[in-house]
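Model the full assembly from the supplied sequences, consistent with the hints where possible.
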Amino acid sequence: MGQIQLKQVTKSFGDVQVIPPLDLTIQDGEFTVFVGPSGCGKSTLLRLIAGLEDISSGHIEIDGKDATALVPAKRGLAMVFQSYALYPHMSVRKNIAFPLRMAKMDQAEIDRRVNAAAEVLNLAAYIDRRPGQLSGGQRQRVAIGRAIVREPSAFLFDEPLSNLDAALRVGMRMEISELHKKLATTMVYVTHDQVEAMTMADKIVVLQAGVIEQVGSPLELYRKPRNKFVAGFIGSPKMNFVEGEYAAQHGGHTIGVRPEHIDVVESGGIWQGTVGVAEHLGSDTFFHIHNTGLTDTITVRAIGDVNLRHGDTIHLNPRINEMHKFDAQGLRID
Amino acid sequence: MARSVSPRRKLINTTAAWAIGLLIFFPILWTILTSFKTEAQAIAAPPIFLGFDWTLENYRVVLERSDYARFLWNSIIIAGLSTVLGCLIAIPAAWSMAFVPSKRTKDILLWMLSTKMLPAVGVLYPIYLLFIQLGLLDSRAGLVVVLMLINLPIIVWMLYTYFKEIPGEILEAARMDGATLGQELLYVLTPMAIPGIASTLLLNFILAWNEAFWTLNLTAVNAAPLTAFIASYSSPEGLFFAKLSAASTMAIAPILILGWFSQKQLVRGLTFGAVK
Chain E
1 MGQIQLKQVT
11 KSFGDVQVIP
21 PLDLTIQDGE
31 FTVFVGPSGC
41 GKSTLLRLIA
51 GLEDISSGHI
61 EIDGKDATAL
71 VPAKRGLAMV
81 FQSYALYPHM
91 SVRKNIAFPL
101 RMAKMDQAEI
111 DRRVNAAAEV
121 LNLAAYIDRR
131 PGQLSGGQRQ
141 RVAIGRAIVR
151 EPSAFLFDEP
161 LSNLDAALRV
171 GMRMEISELH
181 KKLATTMVYV
191 THDQVEAMTM
201 ADKIVVLQAG
211 VIEQVGSPLE
221 LYRKPRNKFV
231 AGFIGSPKMN
241 FVEGEYAAQH
251 GGHTIGVRPE
261 HIDVVESGGI
271 WQGTVGVAEH
281 LGSDTFFHIH
291 NTGLTDTITV
301 RAIGDVNLRH
311 GDTIHLNPRI
321 NEMHKFDAQG
331 LRID
Chain F
335 MARSVSPRRK
345 LINTTAAWAI
355 GLLIFFPILW
365 TILTSFKTEA
375 QAIAAPPIFL
385 GFDWTLENYR
395 VVLERSDYAR
405 FLWNSIIIAG
415 LSTVLGCLIA
425 IPAAWSMAFV
435 PSKRTKDILL
445 WMLSTKMLPA
455 VGVLYPIYLL
465 FIQLGLLDSR
475 AGLVVVLMLI
485 NLPIIVWMLY
495 TYFKEIPGEI
505 LEAARMDGAT
515 LGQELLYVLT
525 PMAIPGIAST
535 LLLNFILAWN
545 EAFWTLNLTA
555 VNAAPLTAFI
565 ASYSSPEGLF
575 FAKLSAASTM
585 AIAPILILGW
595 FSQKQLVRGL
605 TFGAVK
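Chains as they are written, first to last, in the working numbering: chain E, 1 to 334; chain F, 335 to 610.
It is possible that part of the hints are untrue.
[Claimed, not checked] Covered stretches of chain F, as calculated for chain E (at least 3 residues, CB under 8 Å):
id, stretch
1, 418-424
2, 438-449
[As the list claims (entries may be wrong)] Pulled a few chain F residues facing chain E out of the computed Cβ check, cut under 8 Å:
id, residue
3, Met510
4, Gly512
5, Ala513
[Said to hold, decoys possible] Which chain F residues stay away from chain E? Per the calculated CB distances, all over 12 Å, these:
id, residue
6, Trp352
7, Val395
8, Val457
9, Trp491
Treat the hints as calculated values from the structure; they're not laboratory data. We put the CB at the ideal spot given by N, CA and C, even for glycine.
Structure (structure tokens):
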């Protein structure tokens, strides 16, 4: 079991309120991702759930029981930190066994669980090494191992992949997702990387300045962003926003079109402009287009390698039925 | 790019470094040399550097006249216990200042250091009276407490700077893993700070060993450490420089040897955190 409920939770540091009253329910077994720009309060929120910070008001319930006043160890949660936070003076085995030793478990059971975790995480070969002798990815696995041996009711991940290089990050992303499928335990994952959020989450919580902007599945957020902030944050490259006359024609203060929803045509497009930077990825080409008379830059995704160079004129057809409309306050109009 | 140093420059630097080193070491060297001279040679003018009749006579006389072992034992007990006791108090204090600082932490640290700026003689009278009242005069227990207290600010300061280098996330991980505060200090913080703690212990042992003001003023016979042993040879009515030197050499020898063997640890501890 691992249902986490936040009820009217607030957090202030001195006079500064970083989390205004906030309600959130994380269902048992769900993979929930907190995402938002840096400083949006997502890590603070995770630390409040962990008990590493005290909440200023409100309640936190874990499995229906009030956990507001419980110390971190009594909440039955395990945490994986961005810096891994391994104990540098202990071997991998001792690192993983540490929470079990603290729980005064008997040695035979400790050995059984540590070996099982090492097996699952491919750490058996390094079990007697110290963290300093391991690579970043291996260290991250040790940190995960230390979390899973406790069999917690939920895992908390605080930007666990941001210290890894890009290739390793993709690999670890898969491993964590697979681990979630295997264990079916609640996971709460903090990241500033919307790609991580989209690929891993059952449910995404988008935060800005301590306020929840939207909660939903990745595709809900992609298809129906509640406001301009979520629309701009979810999706890569970013959604294009067009204001003014064109937007008014379509019945909104602002119109949002994703780069993948604009077609490049030979001639006679609704929009035209000149190609600025072209990013050729092979599978796709991203064009950054200027002089459209709409906004500074329009980003367009073309499938495959489209042969247009810097300074060329480009013709575009936005897909009207894929457009998002927002009012003057930035809220979605349906 | 690495800086290139010309051979001439290197020679000058090396010579200067050795000269300064010898200058600092000279008083100790002179004391050691004098301890092997006769009393007459010890005060000869001009001074004799090496060409004297080497003798162990001073050591024989000093060992015969005083109970060196008792002074040595007192020094070990007083310096050792005051350092260990200081650390037991300073580790939790430094932990709280490094990891759960309040608005006043910096002020408290400075205030603690300011007590070291007070001339010791300024509090001699009240402390002497307290010692009489509590029956602590000439007791090792009394000296352990006083030396521990006067060195405590330095121990806290040193440990505080070492602890600041330890990432707080590791301690938070321990908390998540179910460690109590005591376990966090014992199993996680202390082992990680071993180099810093070791050099703190060492430096404070040396400071306590060499402390003369309080040990001379608060002891007579029973608790007198090696500082008192040296002082007993500086009599105004006679010229006993050679014996005084022999006593001094015997008093500093243990700490000199300890310092020599642990210099690597000491230097590493003192520069801990400066270079990662």
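Hint check results:
1. Check on the stretch 418-424 of chain F: 0 of its residues sit with their Cβ under 8 Å from a Cβ of chain E, so the three-residue criterion for coverage is violated.
2. Given as covered by chain E, the stretch 438-449 of chain F fails the check, having 0 residues with a CB less than 8 Å from a CB of that chain where 3 are the minimum.
3. Interface restraint check: Met510 (chain F) against chain E, minimum CB-CB distance 5 Å, threshold 8 Å, status holds.
4. A least Cβ separation of about 4 Å between Gly512 (chain F) and chain E falls short of the 8 Å threshold, and the interface hint therefore holds.
5. Checking Ala513 (chain F) against chain E by beta carbon gives a least distance of about 5 Å; that is within 8 Å, so the hint holds.
6. With a least beta-carbon separation of about 37 Å from chain E, Trp352 (chain F) lies farther than 12 Å from that chain, consistent with its non-interface assignment.
7. Consistency note on Val395 (chain F): stated as away from chain E, and its beta-carbon is indeed over 12 Å from all of that chain's, at 51 Å minimum.
8. Distance check on Val457 (chain F): its Cβ is at least 39 Å (rounded) from any Cβ of chain E, clearing the 12 Å threshold; non-interface status holds.
9. No beta-carbon of chain E comes within 12 Å of the beta-carbon of Trp491 (chain F); the shortest separation is about 24 Å.
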